[in-house]
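Here the protein sequences line up with chains C and X, keeping their order. All residue numbers for the first sequence refer to my numbering, where the first residue is 16 and numbers rise by one. All residue numbers for the second sequence refer to my numbering, where the first residue is 279 and numbers rise by one.
Check before you lean on any hint, since a few could be wrong.
[Said to hold, decoys possible] With a cut-off of at most 25 Å between alpha-carbon atoms, the simulated DSS-like pairs for lysine-lysine come out as follows:
#, chain 1, residue 1, chain 2, residue 2
1, C, K80, X, K330
2, X, K465, X, K333
3, X, K552, C, K38
4, X, K330, C, K71
5, X, K330, X, K465
6, C, K20, C, K80
7, X, K552, X, K330
8, X, K333, X, K552
9, C, K38, C, K71
10, C, K20, C, K71
11, C, K80, X, K333
Honestly, the hints are just simulated from the structure, not real lab data.
One-letter residues, chain by chain:
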Amino acid sequence: MRQSKEFLVITFSETSDAMAAEKLFQGLQIPGRIIPIPRQLSAGCGLSWRTEMNRKEEARAQLSKAGIRWQEMAPVTLWA
Amino acid sequence: MIYLDNAATTIHKPQEVIDAVTAAMTTMGNASRGAHDGALTASRTVYEARCKAAKLFGCSRPDHVVFTCNSTEALNIAIQGAILPGSHVITTDLEHNSVLRPLYRVQDTQGIRLDFARADAQGALDLDHLSRLICPETRAIVCTHMSNLTGEMVDISRIGQLAREHGILLIVDASQSAGNTPIDMEKMGIGILCFTGHKGLMGPQGTGGMCIREGVEIRPLKEGGSGVQSYRHRQPEEYPTRLEAGTLNGHGIAGLSAALDYIGRTGVETIGAKERLLARHFYEGVSRIDGVRTYGHFENRDRGPVVALNIRDYDSGEVSDALSVDYDIATRSGAHCAPRMHQALGTTDQGAVRFSFSWFNRMEEVDQAVDAVREIAQTAD
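So here's chain C without its partners, still in its complex pose (with noise of 0.2 Å):
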């Protein structure tokens, strides 16, 4: 059976964003990757960044600095 736990999710309006903070939390070596917008955050479609709950602080504070737009920034729980 697939185990679950929660994960802090952050989505994105635009592809673009989604790159840029990719590539910034790769460069920071804060943990993580990206995955499609679970449904409890969009009922879209679109990609999101999941990483560890404790990240969310430095999570945001690194995307102000460099400017990217986020949408949500909320916990889900996903499988693990």
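Since the structure of chain C is provided, determine the placement of chain X on it from the hints.
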């Protein structure tokens, strides 16, 4: 073949461009459509290409780099989407049909009032005339950076200054200058820069785009699949998706991205200097030949790597055909989609034979082309 039709398209591409397209065609999914490896490879590739284009052209935001099929599509999006109905618009006699036809269209359908800044008999833009055409209703200037027919350069910085002073949107067609002439759209006062990937940038055909200054609003020409915000009725408002409905030419953009790396490593100034040296050498060779007439001011001014000429009153098509069949030299004859420029030069009937040079041409090829022109001029009657 000696290929001197680089203003139409560059035929010699850096090997890394070809390799990048091949790799993309075996690994890339659809950009912005999903989060699996294939789709993400495509999304990352496209995003990196946006970053490189933004850097090359001085665009402050990579997400304001929009990819299109070519300059024509970019210019159509810009002209039909950024100019409000009823506006006054200024363009020039130097323009290609990719500017003229979209402008004639909005003139016919949206009540745009259109004025042309004139070119002199050698095809140089009269900037004073352009400045005198500006009026309170002027909303846009649409202007080429370099004539595709003669290589005449336009002082975009000066026009950008005029545009800034009067609050006018400046749309620039950089089809001929991108890759061989430094461009900094922010410093030059450009609102929308339209470029193609397959000429001086040495990328694949089917690639091009536009760089949009922050704050410039453009209505989409197309609406459709975007991979994001799927339940919205209309196209998402954010750039670049606003203007990129449908699947991008990801394979081509991968090649363009490699081309931008090549240009970044080599240097636009280095490329431009070599191409201009080849053109200058060609001009100096042919201008000494009896019966040859070149078009343009060649003294003490920067020109693009293009030389247009005619031999006596010979049909330009016949001359170009003789160059191809007898000497295996590729040139372009006829009107070059630049009708008003031919009117200014007085060559609407004869057309002109255009020689255009690239980074991959060699001086020996230029010498052979000069010899061929000399022989045609001396032997035909």
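Ascending list of hint numbers which this structure does not respect | 3, 4, 6
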